[in-house]
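Visitor: Each chain is listed here by its residues.
There are 2 protein chains.
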Amino acid sequence: MNILPVALTPKRVLLIGAGSSAALKAENIYGSDCSLTIVAKEIKDIYFCDKEVIRDEFSFSYVKDCDVVINASADESLSQLLWENRKKYGFLLNCVDMPKYCDFYFQAVVKNHDLCVSVSTGGAAPKYAQFIRNLISAILPKHSKQFYEDIKTKRAQGDTNIYQDKGKVLLIGCGPGSADNLTLKALKALNSIDIAMVDSLVGKEITDLLPKNCIKIDVSKKKDCHKLLQEEINEMLLKCAKDGFCVGRLKGGDPAVFGRVFEEAVFLTENGVNVEMINGVSSVFAGCLAGGVTPTLRGFSAGALIVSAHLRESKFNDDWVELLRDFKYTMIVLMAYSFADKIAQKAEELGISLDTPAAFISKIDSDEQITIVGTLGKLSEMAKLCSKPAVLVIGKAVTEATRMPYSGKRVIL
Amino acid sequence: MNILPVALTPKRVLLIGAGSSAALKAENIYGSDCSLTIVAKEIKDIYFCDKEVIRDEFSFSYVKDCDVVINASADESLSQLLWENRKKYGFLLNCVDMPKYCDFYFQAVVKNHDLCVSVSTGGAAPKYAQFIRNLISAILPKHSKQFYEDIKTKRAQGDTNIYQDKGKVLLIGCGPGSADNLTLKALKALNSIDIAMVDSLVGKEITDLLPKNCIKIDVSKKKDCHKLLQEEINEMLLKCAKDGFCVGRLKGGDPAVFGRVFEEAVFLTENGVNVEMINGVSSVFAGCLAGGVTPTLRGFSAGALIVSAHLRESKFNDDWVELLRDFKYTMIVLMAYSFADKIAQKAEELGISLDTPAAFISKIDSDEQITIVGTLGKLSEMAKLCSKPAVLVIGKAVTEATRMPYSGKRVIL
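Chain order of the listed sequences is G and W. Per this note's numbering, the very first residue in the first sequence carries number 144; after that it's consecutive. Per this note's numbering, the very first residue in the second sequence carries number 144; after that it's consecutive.
Keep in mind the hints are simulated off the structure, nothing from the lab. Do not take every clue at face value.
Since copy identity is lost for identical chains, a pair holds within one copy or between any two.
As the list claims (entries may be wrong) - No more than 16 Å apart at the CA atoms, straight line, and that leaves these computed lysine to aspartate or glutamate pairs for EDC-like: (1) K471 - D461; (2) K230 - D208; (3) K270 - D293; (4) K270 - D240; (5) K270 - E292; (6) K285 - D351; (7) K231 - D208; (8) K285 - E348.
The shape of chain G in the complex, shown without the other chains:
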């Protein structure tokens, strides 16, 4: 499709016609601050009641000094006449709904002061272009006019790095994996950082969104292979912020859930660095819905307890297992995959029913997402059918998962 999206800088625009399609074009032109002349035999749309319209037949005298002419009159012979004479008079032509008489097409536009975003499908799918326009409208920062004035002033003074907070750390919850599960706030944050310190559970779709000139540092803490100690990460964050960079600390899921947000935020705050925390979709709940598990299912569970089976130095944490006896809630266990055998064993030792329903939801929010529904007694077998990372959900609410819609694959043992 040979369309070239550009921003025209016309001084004067001529609009022919005053019906409903002319109204749409007029609205578009008024938004652009160009001078607009309207010529029409009669006013057919209420929009033009309070506008200055020259009530006349078109003649080429009206074209003088016009860079752009829009024929919204539905008069095809006029369109042809304009098309044949446009080079002679030196104007660009758009004849509404007559693509063969168009030097350009209008686009679905979102405006915020100096910022202008336009969407086109080259006429292939105007409703879809409108859908995309609405999406974009939702994410655009709503800056004041002053924001743009300040940018112009700073640029005039030679300051080019003006869109970022400097010397700041953003703790960014990146959700369970896909870019689709990212929040708008996180998306904006990712696009404003100089340096990204990235955890292992952050999806590739997310890191692919980082700006080209953003420095990426992998600080993933893999079990039995600590790449960097928490203290080292803290020091790096502090140094980068003190050096004036805007640093993003990218964490999987929601940082409030076992995200070591306290260790980093308090260290930085107490060292005088400004910290902002951004929530994400929790992998805990993304896993539940993906597997069809409703953790707070009425009559089956009065709530959800979120724990981790993995403690500092790769130790197994089994404190929570004893709670499973007559437990009224749903137990959601992170980092449980590698301890599947040990969990089943501990439950047996404590005399907890091995028939207690349980499910692993593995590789959440990815193409390999799989749910294995079984029981505490079958945990080892269940683990063999999936891989980590996986969330383990235990409790009566799991039994009802089979009635629920789910995403990805699901195996019921």
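Here the structure of chain G is known, so what remains is to put chain W in place on it, guided by the hints.
Guide: Relative to chain G, chain W alone:
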């Protein structure tokens, strides 16, 4: 700023120059499928090594049949010559970095087959335009070429309603309140529905994003004033889906957390309706970070138990209060605000220390957001300082909140 964003439909473009700024323009033109002629005295950028470049001085013979001429040669006298002759030869002119010789500006562009989005700040803030371009790039659906071919085929057949799933229900987690805390998936879903059934905890910023022609139905279940029974909501969802509409069920926070997602999803699925569930940022965790509370803080809490103080028919649920005795976890209580007195009373009856740290985080993710840090014994006093909706967090981890950054207002009792 008088710029008019449009999609030009040039047949032939002439580019003068073969340096680095010419390379950027050439890249732009090649993306638009227009025919491109390049004339340059010498090749200055490696980009042009494998491109067809006419090694010559510019002359007007090259302008023949060109709709658009780009002077990227930095030769200002040539720019002036072109500007003076552009109407005579009938081309549009862009002279790089010389705005006074420009009929149009280029824009930061994102492309996906037929879809083309362009961003401009009219030259005011090009780096900011690039930032916005990157944001948009992240949210654009990555459709195949076939998607656009299918749209064209369907439109040719007169089918205009082609961007929506029909007869489907989307259970949409809308997060704690602000549009910024919405996920990209939820944003796309909101823009694709015909009918929205909206819960009371869904923020106004979210419902403002709904398409203009989307029908909004308030199904908020206010305490002591059930507007609609769950069964009635189920029947409405079913009827609308069966009638062929794409129905959005908008829920605050994450639907996996006390979102009645099971009741609706199972009813619809068992009645043959396709259901999709979309997670959101949970108000539980948004509240924690807003108030500076780390619910899974090492050494203070081994996890988080999420419960609700409100049961069917507005009854107070106090089953969870007894767990607070020697509790190793953080208790997060939803719908607790109205029961502040009763919770403190029950704790006292059970002999649970009234010094147990507690915090209300009220009006989460709004301008009125406020955190009240206190103890179980001070719950009544705390409730008086805020309003509902509010999340109640109880446990040792709350004591450390005072060291953490927070957002909104905070009062420490």
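Visitor: Hint by hint, note whether the structure agrees.
Guide: Against the structure, the hints come out as follows:
1. K471 - D461: between (19 Å within a copy, 13 Å between copies)
2. K230 - D208: both (13 Å within a copy, 11 Å between copies)
3. K270 - D293: Classified as between; 14 Å across copies, 36 Å inside a copy.
4. K270 - D240: Classified as within; 15 Å inside a copy, 36 Å across copies.
5. K270 - E292: Answer is between; shortest inter-copy Cα gap is 15 Å, intra-copy 34 Å.
6. K285 - D351: between (25 Å within a copy, 14 Å between copies)
7. K231 - D208: both (12 Å within a copy, 14 Å between copies)
8. K285 - E348: Answer is between; shortest inter-copy Cα gap is 12 Å, intra-copy 26 Å.
Of the numbered hints given earlier, the model fails none.
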